[in-house]
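For this one, chain A is given, so just place chains B, C, D and E on it according to the hints.
Residue numbers (our numbering), protein chains in the order written: chain A, 1 to 95; chain B, 96 to 190; chain C, 191 to 285; chain D, 286 to 380; chain E, 381 to 475.
What the hints contain is simulated information worked out from the structure, not anything from laboratory work.
Incorrect hints may have been included.
Stated by the list, open to error - Only some residues are given here: those of chain D computed to face chain A with a beta carbon under 10 Å:
(1) Ser297
(2) Tyr325
(3) Val327
(4) Ala328
(5) Ala329
(6) Val332
(7) Gly335
(8) Ala361
All C-beta atoms, glycine included, are put in the ideal place defined by N, C-alpha and C.
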Amino acid sequence: MFLGKVVGTLVSTQKEASLDGLKFLLVRRLTAENEEESGYLVAADAVGAGLDEVVMVATGSSARQTKVTDKRPCDAVIMAIVDSWEVGGEEKYRK
Amino acid sequence: MFLGKVVGTLVSTQKEASLDGLKFLLVRRLTAENEEESGYLVAADAVGAGLDEVVMVATGSSARQTKVTDKRPCDAVIMAIVDSWEVGGEEKYRK
Amino acid sequence: MFLGKVVGTLVSTQKEASLDGLKFLLVRRLTAENEEESGYLVAADAVGAGLDEVVMVATGSSARQTKVTDKRPCDAVIMAIVDSWEVGGEEKYRK
Amino acid sequence: MFLGKVVGTLVSTQKEASLDGLKFLLVRRLTAENEEESGYLVAADAVGAGLDEVVMVATGSSARQTKVTDKRPCDAVIMAIVDSWEVGGEEKYRK
Amino acid sequence: MFLGKVVGTLVSTQKEASLDGLKFLLVRRLTAENEEESGYLVAADAVGAGLDEVVMVATGSSARQTKVTDKRPCDAVIMAIVDSWEVGGEEKYRK
Chain A
1 MFLGKVVGTL VSTQKEASLD GLKFLLVRRL TAENEEESGY LVAADAVGAG
51 LDEVVMVATG SSARQTKVTD KRPCDAVIMA IVDSWEVGGE EKYRK
Chain B
96 MFLGKVVGTL VSTQKEASLD GLKFLLVRRL TAENEEESGY LVAADAVGAG
146 LDEVVMVATG SSARQTKVTD KRPCDAVIMA IVDSWEVGGE EKYRK
Chain C
191 MFLGKVVGTL VSTQKEASLD GLKFLLVRRL TAENEEESGY LVAADAVGAG
241 LDEVVMVATG SSARQTKVTD KRPCDAVIMA IVDSWEVGGE EKYRK
Chain D
286 MFLGKVVGTL VSTQKEASLD GLKFLLVRRL TAENEEESGY LVAADAVGAG
336 LDEVVMVATG SSARQTKVTD KRPCDAVIMA IVDSWEVGGE EKYRK
Chain E
381 MFLGKVVGTL VSTQKEASLD GLKFLLVRRL TAENEEESGY LVAADAVGAG
431 LDEVVMVATG SSARQTKVTD KRPCDAVIMA IVDSWEVGGE EKYRK
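Pulled out of the complex, with its shape left as it was, chain A reads as follows (with noise of 0.2 Å):
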């Protein structure tokens, strides 16, 4: 998994129809230290993540493992909203 923060929002009307109720995110990808990267990528919402929450994301068919996501075409899943971390003792992130 990866740490992120919800960045965007985005709508799709014409997809597949398993795809139907599914909200769908940009997530930017954080650094250990809590800094964003540049890049990006779209999931799927388990948990009711709103904008500029840290989140943990799982990618690939482990992203199909919620019940939001089961047998769907959805490769990348926020699973986890995330309330703290640290690195080598040192706090990085609360919430």
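Structure of chains B, C, D and E alone, referenced to chain A:
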């Protein structure tokens, strides 16, 4: 998933039999700012996407979770046409 | 999937038993402009591709969705021979 | 798999229900020479790894092949604690 | 798959129980010209490979399609020992 733009088409007659009828499109990745990146990939089309259309692409085993790609040797699928997206409250694309 | 050119062949006698009979080829990735890139990968051949042929390659679990690769430890397969492709209305390759 | 060092811990209360009880750790990749690289990933812990421990990490669907990660949205798992490794007959790490 | 050279060995006693008996080797990727690249990965051995041997490695879920890796948290496997390969009609390696 990532955001991409359909930039090309491909013809193949000699292929694994299960792929008959699938449409393959060349897709260029877009940045969150809606700029074309340099690389590309070939994706199967599950939603009737056309040239120059902005789409969402799923890769890996998730690319097989649509009616047209199920159980086929296909590792990338266009599973949605994008209406719009925004980053940081600013609209970056609208169809 | 990506577009590639078959550039080499490989011989292996000591291997997982399920791989007997599979043909392995070295494939170089092609840009959308039909230029060879520097890297390569080894793919199993599901379509009778020959040296210098332009092909399409699927990777990951999707590489096992052909008759010859089913349930085998194979993560890349040539699943189509390409007749032609075009980008932005311009033909980039024709067999 | 790759070799990594556990460098941090993470707390998340709002998450996919199936993840309850899983411990998530930040892991930095190590070179074959046992030097820390700059990136990181978050992995579930299947072996009771502690901070600063040198571990082996499996990713993708293989990350779900442990008792604690089975059928969960988890794409990276610490599946072994490393005692030692050597390269070219020279020991690079010993616990 | 990619071509690699076995460059090292690894010892781990504290690991997921299903991994007992598996041999893990450090493998360096080889270019198509048979030159060692700088990175490495750890792969399970399904074919009795030895130090300095040139091998083929499969990754992802395909790494679990051998007798010794089936259903185990293992994302890379040595599934063949390479006898020879050639590129553009020129032999690049012979055992």
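Hints, one by one, checked against the model:
1. Contact between serine 297 (chain D) and chain A, as hinted, is supported at the beta carbon level, the nearest pair being about 4 Å apart and thus within 10 Å.
2. About 5 Å separates the beta-carbon of tyrosine 325 (chain D) from the nearest beta-carbon of chain A, less than 10 Å, and the hint is met.
3. At a threshold of 10 Å, the smallest CB-CB gap from valine 327 (chain D) to chain A is about 4 Å, leaving the interface hint in force.
4. For alanine 328 (chain D), the interface hint holds, since its Cβ comes within 10 Å of a Cβ in chain A; the closest pair sits about 7 Å apart.
5. Taking 10 Å as the C-beta cut-off, the interface hint given for alanine 329 (chain D) holds, the closest approach to chain A being about 8 Å.
6. The restraint placing valine 332 (chain D) at the interface with chain A is violated, with a minimum CB-CB distance near 17 Å, outside the 10 Å limit.
7. The restraint placing glycine 335 (chain D) at the interface with chain A is violated, with a minimum CB-CB distance near 13 Å, outside the 10 Å limit.
8. With 10 Å as the threshold, the beta carbon of alanine 361 (chain D) comes within range of chain A, its nearest partner Cβ sitting at about 6 Å, so the hint holds.
Hints 6 and 7, counting from the list given before, are not met by this structure.
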